[in-house]
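J.: Here's the letter readout for the chains.
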Amino acid sequence: MEEEFQPEYGPRWSDQRVEWMLGALVLAMVALLLALIVTVFVNGWPSFAHNGLSWFGPGGNVDDQLSEISQSAETGAGYVYTFHAWPLIWSTILICGGAVVLSLFTALFISVFLIEFAPTWMSNILRPVVRFLASVPSVIYGLLGVLVLVPFIGNHLITEEQKSSVAGIISLTGYSLMAAVLILTVMIAPLMVSIFTDALASVKAGWLEGSLALGVNRWRTIWKIGVRAARPAIVAGTVLALARAIGESVMLAMISGSTAFAPNPADGLIFIYEPSRPLAPTIVKSIDQLSSPPAKATLFAIAAFLLFSAAMFSLVGWATRRAMSRYGAP
Amino acid sequence: MRIKTLAITALALVGLAVPASAGAKTTLIGSGSVAAQPVLQALFKTYETQVNKNIKFTYTADGGNAGIKDVQNGTSQFAGQARTPLPSDAGTTYIKLYLDGLCIDVNPKNKLTNISIQNLHDIYRGILTSWSQIGGSGLETTIDPVGRDTNGGPYTFFLQSVLNNEPPASNVNALTADGLVVNAVKQDPNAIGYAGLAWQKKGLKPVKVEGKTCEAKNISVEPLKYPLSRYIFIVLPTENPSPAVQKFVDWARTSPLAGETINKAGGVAAFNKKK
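Protein sequence lines correspond, in order, to chains A and B. When the letters of the first sequence are read in order and numbered with my numbering, they come out as residues 1 to 330. When the letters of the second sequence are read in order and numbered with my numbering, they come out as residues 1001 to 1275.
Only chain A is shown next, with the shape it has when bound in the complex (with noise of 0.2 Å):
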């Protein structure tokens, strides 16, 4: 051998600019997410400063409060902050969190469904079509809502005295509860249907193939084995659907009243009648304050509460799915 083989040390240079330029990409994306919630947060820190943790808790009238804190701008007597979210937050809660729980156990059965008992042609053709509807802009289901569910809720369902048990506090018209229940379950379930459908459709065949073997019917089969070993994607669907719901603003809007009301359950039926206002609703009926400081600090402050929410969330799923991962199927 005369001369010795000299190895080239390090990636090539093809390869080393790709690395850079994805790197920096990536960079940039993280930066810009930094970005997006440091200001968020310090734009909203004087109205948690001046309320501290009674921010979230119940006192006094929301609207109010909206307005006497963009009222004090004007009058140049000194900032107002006093602000108490509860309202907004319970209401948050009750339309969200009901959605999600009412889309889970529908969004679930469509999918053994589809899955497991439908033909095949019927199959292929739904999917596609969940699929579709996942992505129909939320703004139609609210132009729905309110042609046409509104009215029902309002001309039907409502009776008279009902209307007149709570005349001058607040108005039972159909702009309700149940109604912004109803179009957010409608709207977040496809998305849960496709997701739920891709999972079971990739749990390991041998697993169910065995079980019916064994004797077991079909719907047991993908029950308790199917669906067991799709629950990480089951958690991860409905943190998807949840977060999505939460950021719901302008479809809300029009649907759920613009009372900022706290629907009371011991009011018994017409609970599910009442109007509420969510969070991210109200950032937008009162996003032209922002001019005036006080009311720009509490918006952003809702704000940094929906951003926690949603971070909160996203950590809560990723940590059940790491519990159930020991299943099987990711």
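Simulated from the structure, these hints should not be mistaken for laboratory data. Predicted model only: the values in this text are computed from it and were never measured. A hint or two may mislead.
[As the list claims (entries may be wrong)] Calculated from the model, a selection of chain B residues having no Cβ within reach of chain A, i.e. all distances over 12 Å: (1) ARG1002; (2) ALA1042; (3) VAL1051; (4) GLY1074; (5) THR1113; (6) ASN1114; (7) ILE1115; (8) GLU1210.
[Unchecked claim] A few chain B residues that face chain A, going by a derived Cβ cut-off under 8 Å, partial list only: (9) ASN1171; (10) ALA1174; (11) GLN1187.
No residue lacks a Cβ here, since even glycine has one placed at the ideal position from N, Cα and C.
Chain B: place on chain A using the hints.
T.: Here is chain B on its own, set in the frame of chain A:
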């Protein structure tokens, strides 16, 4: 070779674009009141087609208060506004453009024909809650008052002229646009709501206020005939307003053609000469 072809094509496209932009029109940017939009759009169209073909208008209806902010920071050259000036509108000049009325509407199933300002006040403050407390409606049911939310000029006008600056009660359904108010009144037999004069042609049933009907000949502020009459203003920046916008404003205020356009679009021409 491929790069050369691409470069030549790009240059050719740029070359084609240049003469196209040489004949460009001046664009005048406005924003503001949703209530003023139907009449303003009609005025823009008449001006663009019959007076000055080199001007193009764009108008974003994001609410009167937002329009004022746009004029104050220079994003818009003019704004439409449906309420009188406030101290926070510093740096802008309000010019009266035409008259508008805020009409009170009920559902066609409601037989009410006349309502007093005091009753209106009590309904929207939550003091009167049932149609049986107000004579003439033929209904015994609970009233569903519908209004605008704080984003709108009609809300501020209603607040000042009917509610004496007290905020409406919590049972008023606050909607984001006049169109939604009109829709809610049409669908709910127990609803009462307010919307600008320009909305009345769409099959609503306006009621008389203090005995005066909400129609063009009663809308007048000086002297005050129909109680809920108001001026619609066009707002320009006090410093360096655009001369093209000023020419448009002068035409809209004085020309008989503009007066006809305003009347046809649902407003009431205030200062225009009659032909």
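J.: Determine for every hint whether it applies to the structure shown.
T.: Results for each hint:
1. ARG1002: holds (21 Å)
2. ALA1042: Holds: least Cβ distance 25 Å, greater than 12 Å.
3. VAL1051: Non-interface label on VAL1051 of chain B holds, nearest chain A Cβ at 33 Å vs cutoff 12 Å.
4. GLY1074: holds (14 Å)
5. THR1113: holds (23 Å)
6. ASN1114: Non-interface label on ASN1114 of chain B holds, nearest chain A Cβ at 23 Å vs cutoff 12 Å.
7. ILE1115: holds (18 Å)
8. GLU1210: Its Cβ never comes within 12 Å of chain A, the nearest being 24 Å, so this holds.
9. ASN1171: holds (4 Å)
10. ALA1174: holds (5 Å)
11. GLN1187: It holds, given that the least Cβ distance between GLN1187 of chain B and chain A is near 4 Å, below 8 Å.
Comparing the model with each earlier hint shows no violations; every hint is respected.
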